[in-house]
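Participant: If you want the building blocks of each chain, they are given just below.
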Amino acid sequence: MTDGTKNAGMGAMTEGGSVAVPATTARTETQADGPTLLLRGVRKAFADVQAVDGLDLEVARGECFGLLGPNGAGKTTTIEICEGLTAPDEGTVEVLGLNWRTGAGELRQRIGIQLQETQFPDKLTVEETLRLFRSFFRRGIAVEESIETAQLEEKRSSRVGGLSGGQKQRLAMACALVGDPELLFLDEPTTGLDPQARRHLWDLVDGLKQAGRTIILTTHYMEEAERLCDRVAIMDHGRVIAQGTPQQLIATVGGEDIVEFAVSGGETGSGHGVVDAAPLTAIAGVQSHRVDEGLHQLSVSELHLAVPRIFAALKEQGLHLSEFRTHSATLEDVFVRLTGRYLRDE
Amino acid sequence: MNKLELSSLYQLTMARFRLIWREPEAIFWIFIFPILLAVGLGIAFRNRPADVLQVGATTTQLTQALTRDKGLTAATMDEADGTRALATGRILLLAIQRADGVAYKYDDTNPDARTARLLVDGAIQTAAVRREAVRSENELVHETGARYIDFVVPGLLGMNLMGSAMWGLGFAIVEARQKKLLKRLVASPMPRWQYLASFLLSRLAMLIVEVAVFLGFARVAFGVPFRGSLWELGLLCVLTSLAFSALGLLVSSRAKTMEAASGLMNLVMLPMWILSGVFFSATRFPAVIQPLVRALPLTAAIDALRGNMLQGMNLGQLIAQVGILLAWFVVPFAVSLRIFRWR
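So the protein sequences, as listed, match chains E and H. Numbering of the first sequence is given in the numbering used here, commencing with residue 1 and proceeding in unit increments. Numbering of the second sequence is given in the numbering used here, commencing with residue 1 and proceeding in unit increments.
No wet-lab data here; the hints were simulated from the structure. Cβ coordinates follow ideal geometry from the N, Cα and C atoms, glycine included. Incorrect hints may appear among the rest.
[Claimed, not checked] Just some of the chain H residues that point at chain E, by a computed CB distance under 7 angstroms:
1) 15
2) 19
3) 22
4) 115
5) 189
6) 281
[Stated by the list, open to error] Straight-line C-alpha distance at most 20 angstroms; calculated SDA-like pairs for lysine to any residue:
7) 256(H) to 47(E)
8) 3(H) to 145(E)
9) 3(H) to 140(E)
10) 183(H) to 145(E)
11) 180(H) to 117(E)
12) 123(E) to 19(H)
13) 180(H) to 164(E)
14) 180(H) to 162(E)
15) 179(H) to 162(E)
16) 180(H) to 76(E)
17) 180(H) to 140(E)
18) 180(H) to 322(H)
19) 180(H) to 145(E)
20) 180(H) to 124(E)
21) 123(E) to 167(H)
22) 179(H) to 76(E)
23) 180(H) to 193(E)
24) 3(H) to 197(E)
25) 105(H) to 76(E)
26) 180(H) to 116(E)
27) 183(H) to 106(E)
28) 3(H) to 76(E)
[Unchecked claim] Label-pair ranges, simulated between beta-carbon atoms:
29) 339(H) to 252(E): 48 to 54 angstroms
30) 223(E) to 27(H): 45 to 51 angstroms
31) 180(E) to 205(H): 51 to 57 angstroms
32) 326(H) to 105(E): 28 to 34 angstroms
33) 145(E) to 342(H): 46 to 52 angstroms
34) 270(H) to 180(E): 49 to 55 angstroms
35) 207(E) to 28(H): 42 to 48 angstroms
36) 192(H) to 223(E): 51 to 57 angstroms
37) 192(E) to 192(H): 53 to 59 angstroms
38) 292(H) to 194(E): 56 to 62 angstroms
39) 335(H) to 207(E): 55 to 61 angstroms
40) 192(H) to 180(E): 20 to 26 angstroms
Working from the sequences, and respecting the hints, build out all of it.
Facilitator: In structure tokens form, the structure reads like this:
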């Protein structure tokens, strides 16, 4: 099923009105095996900011789908439109074959939501909070089970105010799970957590994926999207600028590795040297070259063969390296290639 | 889990309880503060022997005549000293010996000074004539129900019901909104009316304790009378609390920050503290603003509580106040349900 929807819209944009027909005809089969989430031509503006600017998304059952982008890209607005918390100005939204206008009551029972920065009451205990949330759902898992899933057994009787950031986030996750949801929304689940707590949460999401739940999450950490998501949509300025599996997206960079270097100028040894890029891109395995504030970036396949040739080419130009490093290509490099900016900058 | 534990209304109400009980400050303001206030006022306005009034006179004869009255202490001083003593409040009245009789210098807007004027005049006339025109005797009365403490206890009760309902609801709701908990709750299948209903239910349960503690204390410590039906008194308390809960809901239905909410709260409550007759009778305000004063929920609540406790009136006699309180419950509740900001 995942393969069937791969590469659904690599940067392709559809105007809001033109998709009304397929969206309604899809209606009947979505109940059984259609997409769990379907967005067509969704737009949303706040005052004079176009937060979401013509969005098409399709998420299949059992998939873990990530919305990746810098802060302000429109990820949270998008996920809140999917969650029925924000009404779109334009476009169609179908969740589990239902829409928010007519099926809100049923949808609320069938989805689980973790919002960004919810603070549960400090003076309730973990167990009390979960009992409260469990009571909202007609059917669901036992409170006990949600505590185990979130690995909060030791904190069961602790007050929420005394939990660490990671534990609070796991409690929020457990609150999203008590209704045994078919579809789970996680908005920036690891923002503000230390690396260890983040890894802990990733393991938790892994477990949920293995249990076959459909998960939609937003993040501005590329390593999180790479690690957790079957498919990723990269967002910028309210649009999807690329979509696919992390591997497919990274492949668009053109090489598996990235070489970064800076040079100091020729024999005099001062100032920035001027690099002639042509001999570098001529090297077999070097796919592309870009330069940003004196830092040169080459995307490279077969790193072990290309690097000695890069050294040689630079030496021929009489340049001294002041910096040199390589890393495997990541979604960050995809974002940089597409926008010329870094995710972490914003 | 049993059926009750699966009920969301039960869980929401229990959560409210736990949050109140685990907040020591809330317990202080709801239970301890009104008692401290009653104690303080009880001490300040306790029934003391009538005050002995300080007066001054310009001659020793006059001073002697005045000290014969047990209600007065007199000192001899010249007119300049006496005027200064008057201005600084050390004496209430100065009796000045003139060629043709005695002049009294005092402030006629000060009730104590007017009392002093009567006593002084009586003492001086008695000393001069040594005989009273009409024989008179004193019968002293200190009746329960006519004391200041009896008057102020229903006022404090009304004020406390207002404060605990408005702060209790308002702060909790604005805090939940600010911490995005409201948004998280509406993202779940929770029925929205149950969230608001849980506040009213927990408020009513707290009310039983709150009212019983305060009135029990007033009864035991000051012997405040309960002349009306206790059931009807309970009903009036419930109605008062509902009206102020609805008002608290209205005040907090849009506010996004604590600062905005507490500003609004004070704006709503301050006029009532002043106008509604907590500490003195609301009838003292000019007739022009009486309709406004009467329409305030706290005035209606306090009038009804005083009617029940002090005058033994039944609900039928208090129908106007009950009607005003009902209106203050229904209208703000309906409005706030419409304009409530859930996120």
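Participant: How does the Cβ-Cβ distance of residue 207(E) and residue 28(H) compare with 42 to 48 angstroms: does it lie in that range?
Facilitator: At roughly 46 angstroms between Cβ atoms, residue 28(H) and residue 207(E) fall inside 42 to 48 angstroms, so the hint holds.
Participant: Holds or violated: residue 179(H) and residue 162(E), Cα atoms, limit 20 angstroms.
Facilitator: holds, 16 angstroms
Participant: Using the C-beta atoms of residue 192(H) and residue 180(E), is the stated range 20 to 26 angstroms upheld?
Facilitator: holds, 23 angstroms
Participant: Would the pair residue 179(H) and residue 76(E) pass a check requiring their Cα atoms to be no farther apart than 20 angstroms?
Facilitator: holds, 17 angstroms
Participant: Are the Cα positions of residue 180(H) and residue 76(E) separated by 20 angstroms at most?
Facilitator: holds, 14 angstroms
Participant: Just to be sure I understand the hint, the distance between the Cβ atoms of residue 335(H) and residue 207(E) should be within 55 to 61 angstroms; is that true here?
Facilitator: violated, 47 angstroms
Participant: Hint residue 189(H) vs chain E: min CB-CB distance below 7 angstroms?
Facilitator: holds, 4 angstroms
Participant: At the C-beta level, are residue 192(E) and residue 192(H) separated by a distance inside 53 to 59 angstroms?
Facilitator: violated, 30 angstroms
Participant: Given a hint of 46 to 52 angstroms, does the C-beta separation of residue 145(E) and residue 342(H) actually sit inside it?
Facilitator: This hint is violated: roughly 29 angstroms between Cβ atoms.
Participant: Identify whether the interface hint at residue 19(H) stands, where standing means a beta carbon of chain E within less than 7 angstroms of its own.
Facilitator: holds, 5 angstroms
Participant: Starting from the hint 45 to 51 angstroms, judge whether the C-beta atoms of residue 223(E) and residue 27(H) obey it.
Facilitator: Once the Cβ atoms are compared, 48 angstroms apart, the range 45 to 51 angstroms for residue 27(H) and residue 223(E) holds.
Participant: Hold the hint about residue 15(H) up to the distance rule: shortest CB distance to chain E must be less than 7 angstroms.
Facilitator: holds, 5 angstroms
Taken one by one, the earlier hints fail for this structure at numbers 4, 6, 10, 17, 18, 19, 24, 25, 28, 31, 33, 36, 37 and 39, listed in ascending order.
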